[in-house]
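Novice: Listed below, chain by chain, are the residues.
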Amino acid sequence: MNRYWLPAASLASVLLVWQAVSSFSGLGDYVLPSPAVVGVTLVTDAPLWSNQLRSTLVLTLAGFGISLLGALSLGVVLDQAPRVERFVRPLLVLSQTIPAFFLYPLLLIALGFGFLPLLVVVVVACFFPLLVTFVQGLRSTDPALVDLFRSLGAGRVQIVLGVRFPSALPALFAGLRITLAYALTACVLGEYMGAQEGLGVYMARSFKSFSPARVLAAITVVSLVSLVFYQGAVALEKLFVKGNHR
Amino acid sequence: MKLAKLLLAAAAAFSAIGASALDKTTVVLDWTVNTNHTGLYVAQAKGWFKDVGLEVDIQPAPDSGAAGLLASGRADFAYSYQEEILQSRAGGLALTAVAAVIQNNTSGFAMRKAANIHRPRDFEGKRYGGWGSPLEEATLKTLMKADGGDPSKVQILNLGEQDFFAATEKNVDFAWVFEGWTVKEAEVRGIALDYIDLRKFNPVLNEFTPVLAANEAFLQKNPAQAKAFLAALTKGYQFAIAHPDEAATILLQAAPELNPALVRASQKFLADQYQAQAKRWGEFDAGRWNGFQKWMTDNGVLKVLPPKGVLFTNDFLPAIR
Chain A
643 MNRYWLPAAS
653 LASVLLVWQA
663 VSSFSGLGDY
673 VLPSPAVVGV
683 TLVTDAPLWS
693 NQLRSTLVLT
703 LAGFGISLLG
713 ALSLGVVLDQ
723 APRVERFVRP
733 LLVLSQTIPA
743 FFLYPLLLIA
753 LGFGFLPLLV
763 VVVVACFFPL
773 LVTFVQGLRS
783 TDPALVDLFR
793 SLGAGRVQIV
803 LGVRFPSALP
813 ALFAGLRITL
823 AYALTACVLG
833 EYMGAQEGLG
843 VYMARSFKSF
853 SPARVLAAIT
863 VVSLVSLVFY
873 QGAVALEKLF
883 VKGNHR
Chain B
768 MKLAKLLLAA
778 AAAFSAIGAS
788 ALDKTTVVLD
798 WTVNTNHTGL
808 YVAQAKGWFK
818 DVGLEVDIQP
828 APDSGAAGLL
838 ASGRADFAYS
848 YQEEILQSRA
858 GGLALTAVAA
868 VIQNNTSGFA
878 MRKAANIHRP
888 RDFEGKRYGG
898 WGSPLEEATL
908 KTLMKADGGD
918 PSKVQILNLG
928 EQDFFAATEK
938 NVDFAWVFEG
948 WTVKEAEVRG
958 IALDYIDLRK
968 FNPVLNEFTP
978 VLAANEAFLQ
988 KNPAQAKAFL
998 AALTKGYQFA
1008 IAHPDEAATI
1018 LLQAAPELNP
1028 ALVRASQKFL
1038 ADQYQAQAKR
1048 WGEFDAGRWN
1058 GFQKWMTDNG
1068 VLKVLPPKGV
1078 LFTNDFLPAI
1088 R
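If you read the protein sequences in the order shown, they are chains A and B. Using the working numbering, the first residue of the first sequence is number 643, and each one after it goes up by one. Using the working numbering, the first residue of the second sequence is number 768, and each one after it goes up by one.
Be aware that one or more of the hints could be misleading.
Taking beta-carbon pairs under 8 Å as the criterion, some of the chain A residues facing chain B (in silico) [what the hints assert, rightly or not]: (1) LEU669; (2) LEU690; (3) PRO732.
List time: in silico DMTMM-like cross-link candidates among lysine to aspartate or glutamate, alpha-carbon distance up to 20 Å [stated by the list, open to error]: (4) A:LYS850 to B:GLU1050; (5) A:LYS850 to B:GLU928; (6) A:LYS850 to B:GLU936; (7) A:LYS850 to B:ASP914; (8) B:LYS937 to B:ASP961; (9) B:LYS1070 to B:GLU850; (10) A:LYS850 to B:ASP830.
Derived CB-CB ranges, DEER-like [claimed, not checked]: (11) B:ASP1065 to A:ILE708: 48 to 58 Å; (12) A:VAL656 to B:PRO1023: 24 to 34 Å; (13) B:ASN925 to A:LEU657: 27 to 37 Å.
Treat the hints as calculated values from the structure; they're not laboratory data. This one's a predicted model, so the numbers in the text were calculated from it and none came from an experiment. Quick reminder that beta carbons are idealized off the backbone N, C-alpha and C, glycines included.
Work the whole structure out from these sequences, hints included.
Specialist: Here you go:
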């Protein structure tokens, strides 16, 4: 229980400051609704947002999964072929500098309506951080360990799978934890700009019809989902990384 | 109405031949779904598009997306506004306005009572919160000069994504809003606003906004589909005019996250505005269109004259009964 009280206290202090600002600033509920008002909205609006949350979760996890598979395979290639890496790197960096609000309308024109353009927005947001952390992890492999395996007669594939990949896992999981949050934010942002369903749609309709309590309720949901993702990544990391070493 | 019936018969005959071959028609919204779009949602909910042989797909799009989506053929119709049609044309995209969704420009400047602004010259020394378009500056200049004010004394700021009520708490004194949305929301909340109607101070500023736009090539290729679509859409808006409360309920069913009190108040206001003084819903007045276009050119808002082409037309609207 002891490990939970500090995070709980930090969350509670956020709520307290928020309540204080909304009560004493005189801004009123239509500019900054209090946590109490948002809490009530969260409950009464549950059928609406949970309905929209479903498609956000599916798209976020699908986009993340595609990025992870892509990063794992391309990462190994880049690690083994430095020339390819030098060719690809500028493109990858460029992909990070295109603002989503510019990219998304173009994707709609190129790919049509539906889930595909949103999926691309999510992939663009999380492919790069996953790849960079994974390649960095591969590079951090202890050369002595590689030499040892080679002297024992291990081939290239065996070295990649048996030595380099396990060595890269801690770095990969560090990237994974933050990237899941990126994926979720990118998905909601895309939906906000224009989609048929999703938490971002719930947020846009609420914001544009002047219901800040609903907007904050949606942000609360996004934050909670991020926390769950983060804890999920930590749990997976324990399972894979620690399990490997101990 | 005769034309609509004829089309209906034609469409029925067509669908009888092609089994259930409905023509797919994609419509793109210009903003988050709101009461400007009610007629579309009514026609969809009532099955009036199906009745004329169309399967209509309503797609929300990024605020800046409509022109490109129409030009690329991803969408057949889009909500737009006169300025966007003209600027897109100047940029080489052949868009045509086919219906005036709200007959008059119901947008204007809104401010809290405390800002003490009653007419354009009062803007002097005040902070305007906008979105960074040359049209805004030109509008402020035109209105203030005619009213004996000095436009250089207005501070123009970018509002970004702030909503009107948050922004006017502290950061700005006035902003450009739709009367049927923000001003109605103020009434719902009991916030006292002043509102400056552009048209009252300068009738030329009666821009057509919002309008329904289509790609000119699409119209030439599919005139029957365009007419069928507009016949059903007209019915949708006529229903919204006659039954604002029921229309609001239909919109809220499609978008339950919208603020219901605002939607109902807005719907009531717009019932008298969709068609207003026009002979039929959707009608364009050429004099008005050209007057606003000339003002845009004269004031440097429209830098390239649109090449030849149909900028707006009443040809696809159902005939007047």
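Novice: If a hint holds in the structure, say so; if it doesn't, say that too.
Specialist: Hint check:
1. Against a cut-off of 8 Å between C-beta atoms, the interface hint on LEU669 of chain A holds, since the closest Cβ of chain B lies about 6 Å away.
2. Proximity of LEU690 of chain A to chain B holds as hinted, the smallest CB-CB distance being about 6 Å (cut-off 8 Å).
3. A cut of 8 Å between beta carbons decides the hint on PRO732 of chain A: the least distance to chain B is about 27 Å, and the hint is violated.
4. With a C-alpha separation of about 28 Å, the suggested pair LYS850 of chain A and GLU1050 of chain B falls outside the 20 Å cut-off, and the hint is violated.
5. A threshold of 20 Å between alpha carbons decides the hint, and for LYS850 of chain A with GLU928 of chain B the separation of about 10 Å falls inside it, so the pair holds.
6. With a C-alpha separation of about 17 Å, the suggested pairing of LYS850 of chain A with GLU936 of chain B holds against the 20 Å cut-off.
7. Distance hint between LYS850 of chain A and ASP914 of chain B is unfulfilled; the C-alpha atoms sit about 33 Å from each other, more than 20 Å.
8. Annotation: proposed proximity of LYS937 of chain B to ASP961 of chain B holds, straight-line Cα distance about 17 Å (limit 20 Å).
9. A hinted pair counts as satisfied when its Cα atoms are at most 20 Å apart, and LYS1070 of chain B with GLU850 of chain B qualifies at roughly 12 Å.
10. The hinted pair formed by LYS850 of chain A and ASP830 of chain B meets the criterion: a straight-line CA distance of about 12 Å does not exceed 20 Å.
11. In this structure the supplied range 48 to 58 Å holds for ASP1065 of chain B paired with ILE708 of chain A, their Cβ-Cβ distance being about 52 Å.
12. For the pair VAL656 of chain A and PRO1023 of chain B, the supplied restraint of 24 to 34 Å holds, since their beta-carbon distance comes to about 29 Å.
13. Checked against the hint of 27 to 37 Å, the pair ASN925 of chain B and LEU657 of chain A passes, with Cβ atoms roughly 32 Å apart.
Of the numbered hints given earlier, the model fails hints 3, 4 and 7; all others are met.
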